[in-house]
Amino acid sequence: MDEETLIKACVSGNEKAQFQLFEQFAPKMMAVCLRYAENREMAEDVLQDSFVKVFKNLKKFTNEGSLEGWIRRIMVNTSLDAIRKNKKRKFDSQIESVSYLAPQNDFIEESLMAEDLMLIINQMPEGYKLVFNLYAIEGYSHKEIAETLGISENTSKSQYSRARAYLREILEKKGIGR
Amino acid sequence: MEDKDYIKELFSKKLGNHTEPVNPDIWSAVKAQTTASVSTATTTLITKVVVTAVSVLSLTAGVYWAVKKNNTSNVSINKQNSIPKEGENKKVFVENKEVKPSAAEENEDIITSISADEVNNSKEENNVHVFSDSSFKENTNYSADSIPLYIKQKSTVLSNTDSLNNPNQNKKTLAVENEKKTLPEFSIISQNDDGVYVFSLDTDDYDFIEWSFGDGNYSTQREAKHLYNSSGKYEVEARIIKGDVQKTSTVSVGSEAVGEIGKLPSVVTCNNDGFNDALVLETKNLSDFQITILDRSNQVVFKSSDAAFSWGGIDLTGEPVEPGNYVYIITAVDTAGNPINEYQMIEVRR
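In the order they appear, the protein sequences are chains A and B.
According to the numbering used here, the first sequence is numbered sequentially starting from 1.
According to the numbering used here, the second sequence is numbered sequentially starting from 1.
Accuracy of the hints is not assured; some may be wrong.
[What the hints assert, rightly or not] Below 25 Å or equal to it, Euclidean Cα-Cα: the simulated DSS-like pairs (lysine-lysine) are:
hint, chain 1, residue 1, chain 2, residue 2
1, B, K14, A, K28
2, B, K233, A, K173
3, A, K173, B, K284
4, B, K247, A, K143
5, A, K174, B, K8
6, B, K247, A, K28
In case anyone wonders, no lab produced these hints; they're calculated from the structure.
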């Protein structure tokens with residue numbers, strides 16, 4: 001089944017198709033949600049909410065841009081919503097307040113490395129984490145980030161550069177920096 | 001600035017397509033919520049809800065299996081009770097509209113509140129899960145029943161091609177004049193061609209023929225082909241018309257329905273992975289049925305007189321049985337009165 005047929009089947013309420021779509025994207029989107037969420041439970045909640053939105057709004061999906069990109073955007077937006085909703089946390093946390101708890105595993109295997117990077121991201125301060133996720137991995141521009149998060153473009157840039165500094169330090173500690 | 005690219009590259013390369021195991025419960029929850037909104041809109045009947053719940057369950061099992069296959073998750077499937085709780089926790093997303101004026105347009109609609117109504121609905125649906133074991137079986141039976149429908153259509157197609165192949169025959173008959181007022185005796189020739197019955201007459205001297213296959217199906221082909229949906233004894237009647245005279249003849253085909261007990265499973269894996277989780281049999285044309293499952297010390301662990309039973313490795317006290325070898329004994333009588341006795345070893349795995 002190609003993507004267009006799959007989408008049509010999903011829109012018409014075909015459960016098999018919906019499940020296929022879920023199965024196809026859920027693991028990747030779980031990874032997206034985990035990068036934003038505080039913990040796995042929250043990520044699962046977000047994933048669930050997002051997929052409900054995906055199925056409810058799939059009929060509005062136009063074939064401009066990829067389906068994956070569209071779904072990913074819903075995941076990201078829902079994640080951001082959840083963060084706003086769940087926490088009254090101050091957006092800018094200080095780097096000093098962060099403990100470095102990333103495990104001291106060896107970075108040998110490629111797959112292991114992804115897991116460790118996930119862990120490092122999850123232990124980043126909230127402010128850096130969001131900007132870093134959006135910019136480096138989701139590929140948003142600073143302008144988009146500024147709009148999405150309701151911060152200034154300069155804040156986004158400086159948060160990102162702090163995030164980089166933070167990550168560089170962590171990576172060097174682990175011996176995989178340059 | 002050289003490591004700016006390095007860090008971005010590293011993370012986007014490693015994590016851009018990174019996947020994580022998905023809790024199989026999420027699909028059931030999504031399904032429940034998605035379906036809930038549909039059923040409120042269309043006010044569907046309870047039966048549909050049941051069917052949905054059945055699918056949800058089977059699909060859940062599917063996800064569970066898929067996840068398990070990837071060797072990534074040990075989450076138990078038996079967490080359906082937690083779903084309504086999750087439903088209650090659903091957040092309302094309305095406020096985000098103000099917080100995020102710049103959100104992408106698509107989100108304006110995406111950020112809709114999930115009404116209490118829907119949450120309740122999804123709860124109801126989740127409750128239906130409890131019954132889904134038995135209804136799942138009904139579902140399977142249903143699909144098994146629908147197979148003959150296809151075959152029926154196929155037989156019609158066969159007959160149709162027949163007429164296309166013999167257009168001349170009809171012309172020839174029309175040419176014959178209606179001289180005789182009574183029609184001579186005729187008889188039906190029936191052949192069983194690999195399950196498909198082919199009926200024809202030993203006479204060609206008629207204008208029109210109508211076959212009644214005895215199972216509610218009809219044909220007007222000179223040479224009629226028919227495949228019966230189920231075995232049994234059928235009275236086939238041919239009525240021929242020539243001019244204004246008609247005559248009938250009958251023949252009986254087939255034999256009394258023979259009872260069948262399909263494949264006898266020798267292993268059952270009661271681990272809720274969606275495959276062989278329970279012992280079920282596909283039986284046909286039985287008038288009496290009794291199954292007894294014994295453990296190695298010949299203690300009865302299960303007994304049923306319903307051929308549509310399903311045994312998921314639970315003993316008479318409701319406890320799961322130990323993995324190991326068991327035997328089951330089936331004593332049945334088919335609708336023609338023939339006894340069927342079966343004895344089969346079965347291994348229970350978990």
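Hints that the structure is at odds with (numbers, increasing):
Hint check: 2, 3, 4, 6 fail, others pass.
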